Amino acid sequence: MARNRHLQAFLLIAAVAAVQLATMISDTQHYLTQLTMSGYYSLVIIGLCLLIGYAGQISLGHAGFFAIGGYTSAFLTTYDLTPVSDKAFIAFLSRTGMLVSTADLYGGQVLHLHPWAACLIAILLAIIVAYAIGGPVLKLKGHYLAMATLGFGTIVYKVVLGTEQFGAADGISEVPEFALLPGIAVSGKLSMRIMNYYIAWGLVILGVVLLSNLVHSRVGRALRSIHGAEDAANAMGVNTGRYKLNMFVISAVFAAIGGVFLTHYNGGIGPSEASIMKSVRYVAIVAIGGMANLWGALVMGFVLNFLSLRGYFGSYDDAVFGAILIIIMLFTPEGLLRRDLFSDIRSLFGSGKDLEEKV
Amino acid sequence: MNIELFFQYLVAGVTYGTIYAIVAIGFNIIYNTTGIINFAQGEFVMLGGMTAVTLHAFLPLPIAILSAVMITMVIGALIEITFIRWLISPSVLRMIIITIGISILVREIALHIWGAGVKALPYFSGTAVSAISIGDVHISPQVLWVIGVSAVMVICLNLFFTYTLPGRQMRACSANRDAARLCGINAKNMVTLSFVLSAGIGALAGCVVSPITYVQYDGGTALAIKGFTVAILGGLGNSMAAVAAGLLLGILESFSIWVMPTAYKDVISISILLLILFVRPSGLFGSKEAAQLKEF
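Protein sequence lines, in the order shown, are assigned to chains A and B. Taken in order, the first sequence gives residues 28 to 386; the numbers are from this note's numbering. Taken in order, the second sequence gives residues 12 to 307; the numbers are from this note's numbering.
Please keep in mind that the hints were generated in silico from the structure rather than gathered at the bench. Source: prediction; values computed, not measured. A few of these clues could be false.
To be verified - With a straight-line cut-off of 25 Å between C-alpha atoms, the simulated PhoX-like cross-links for lysine-lysine are:
1) 185(A) x 130(B)
2) 130(B) x 276(B)
3) 185(A) x 199(B)
Could you build all of it, start to finish, from the sequences and the hints given here?
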């Protein structure tokens, strides 16, 4: 089993490198921009896949966590601290190297928090919000859970849309690049395109390996028992409430990291990133990827986000995702790329022996 | 604050509250017969308003509204027959996702038909500036239309469910679906009927309120969330309590403008939704025991 997972991770790395080489050979390097962005969206999607597919809890508000990450980071790295630089606390931050100064469009200097500090605060904030909201929300089931998470997402959307400090309908722009290490930065600069592609997909590979280890551990078995029959799991001594909450927080962190990095990559974030349609889109991709199938969600997150970002769906962008949701749920509620799909196909063509084994 | 302003806010709150109540009743009708929450409920309101505006270009107002309501009812029936009727005991999660998908599709189709602009029917009587004055309080006649039509709708629905055969059959289905089927009631047709009914009342509400609030292709989601808040506040399935809860939410929201910027108006009602869900999911007027018997 473990060797199988190593093989999967290796194949993923090979695929990521192959895509980059393919764009190089076919001289379509401009695709890398969208490929990088879909990487960050895929990070949200694999986190959500853990929550929906494995823990069996739907969330229609994950764009809210994405926006919490993105907006916190964008706000902290663009808010000019120069007027208050003589305050003791700011001076202390400055001495510890947590502040950096960058040039703005008009040649002035903006003193702001270092992206690393902003990133950590953003993730911390997402964790706090996820714990605060997840506690009561995850006690709910079915319609109530869906509506409560939808409500959470709407609140985040309305707050970022209605707050002057977050740029209202315009969002926050001129977010500086995120220097991870000297020479390595998350930035939309053309010269760093290939590097950023690898940063994004490196993060995705790291995330998917972490999650796939998680679902193949004791935690994963507990989660599947929750999904199957929550009361029974409880009776067997699985602390279902704690597992659900932890998965909710983990998926929120994935969404927030995606938000932070994409915001630095794009150099800005707008309120549409927090919209309900984004949350629904993430759910749609998890559904078509096969619900409880990290690799399926990853593949679909890659393909659909890329097609959508390249504008292949035209003005029917949202409609495509709505239609995907309906069709998948009507005909294959277990998802399209579900785990036993291949054995199903094999049993269609194979001998009766396979069928008996399956039963 | 002065007393005139107080009444002005009150009237605005009651107007919005009635619409939320109608949407909540639409939720309840479908929930009672099927046990599912139709996330596309707000889209019926939007469809009704939009269709009426289009038809009013070449039809007199009453006929345009009547036809718009009819068309929306047919759409409601088509949605049920196409997407829901043939599913065999679907899970709640599946139904949530399907109705969300439907609401997105309807919205996107509306966007392609009517564009992204706001539309409105003319005022039913008088104009935008005409007002009935009681002392220093000025009330638009359209407000009376909204409240009046909604009141008539609620009374008619009540009569329908109490005295007519289809209404009683629908109630039988909501009480016990299997027993109703054993008595020879076609439960599947009752589900279709419930979609037709809630599409109809949603569309009519969308028509009467459109001169005040305008309709836009994406107005359905916000209405659906508020309607759901009201339905929960009153206790899911309880239509009379939904009216009281609707007025309550409308008035709360209207007065919230005093303490918070207008942009956060929706945040108030959604926070109430979350609070109610966390603290008292059976609703203000619902009984806890009854709520435990229902499947969410």
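How the hints compare with the structure:
1. 185(A) x 130(B): Since the Cα atoms of residue 185(A) and residue 130(B) sit roughly 23 Å apart, the hinted pair holds (cutoff 25 Å).
2. 130(B) x 276(B): holds (22 Å)
3. 185(A) x 199(B): With a Cα-Cα distance of about 39 Å, the restraint between residue 185(A) and residue 199(B) is violated, given a limit of 25 Å.
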